[in-house]
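A.B. asks: Sequence:
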Amino acid sequence: LKGPSLSQLSALAGRTDVFFLGIAPDPFRGAMFNARKKIMKEKGAAPTDLEEEVAKALFDIEVSPSSDIKADIRDIYISSAQELEVKNRLALVVHVPFRVWKTVRKIQGRLIRELEKKFNKKHVVFVANRTILDKNFRRKGLQVRPRSRTLTSVHESMLEDVVGPTEIFGKRTRIGVDGSKLMKIILDPKDKDKENVEAKLATFSAVYKKLTNKEAVFVFPEA
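Residue numbers (the numbering used here): 146 to 368.
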């Protein structure tokens, strides 16, 4: 018997109703294959197990009939994810390409809430990928360094990412006798009782320290 040609196999590969060797398709593997579309790694690097879990969670929300953010999540994918231990609990830090950050920002509160349900109440933080240009930017063919690409500006933006969707109300910097700096970030008091934000203040500090190596404490203004 003559087997199918390469072109016939290629045509069959696009069909979901085809069974090879009598083995039924695995729905979990199919879901993971679709979830992989929610990860965009640099230079085709393989995703970690954690990143695949986050991608699968995003895909589940996207295909859920009851989700009110499914249309926005279609446009969202991640570039990396990592866990960070904060006071005997784990925080999940999810990095997304800057081009999709506007969409993430739009639904940030609801997206965090949905992911925290799926990840056993871990604190979830979203951060956009941003490129810092150092003072040698002219070597890269640029005449002017955009302010948004300076170290200071990128770190300020990360600060807003980490606490999102909570707004920053004010900032103060305390300089110690040894020259060390400690930033005090005051958050909008109207968000104090929302989304369990007050319980996340230590997480904000730990994540910002991990991303920037800068010390910051997050507080709400005293009544």
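Honestly, the hints are just simulated from the structure, not real lab data.
From the three backbone atoms N, C-alpha and C, an ideal C-beta is built for every residue, glycine too.
Mixed in with the good hints, there may be bad ones.
[As the list claims (entries may be wrong)] What follows is a list of derived Cβ distance ranges for each label pair:
hint : residue 1 : residue 2 : range
1    : K266      : V364      : 19 to 25 Å
2    : R250      : D323      : 35 to 41 Å
3    : D194      : V322      : 44 to 50 Å
4    : P366      : D194      : 38 to 44 Å
5    : E187      : I331      : 18 to 24 Å
[Stated by the list, open to error] Each computed DMTMM-like pair below joins lysine to aspartate or glutamate, with the alpha-carbon atoms no more than 20 Å apart:
hint : residue 1 : residue 2
6    : K262      : D205
7    : K326      : E301
8    : K215      : D205
9    : K266      : D323
10   : K263      : E340
11   : K262      : E197
12   : K263      : E301
13   : K262      : D194
14   : K359      : E301
15   : K263      : D217
16   : K247      : E230
17   : K316      : E230
A.B. asks: Please flag the earlier hints that this structure goes against, numbers listed from lowest up.
C.D. replies: Hints 5, 9, 12, 16 and 17 not satisfied by this model.
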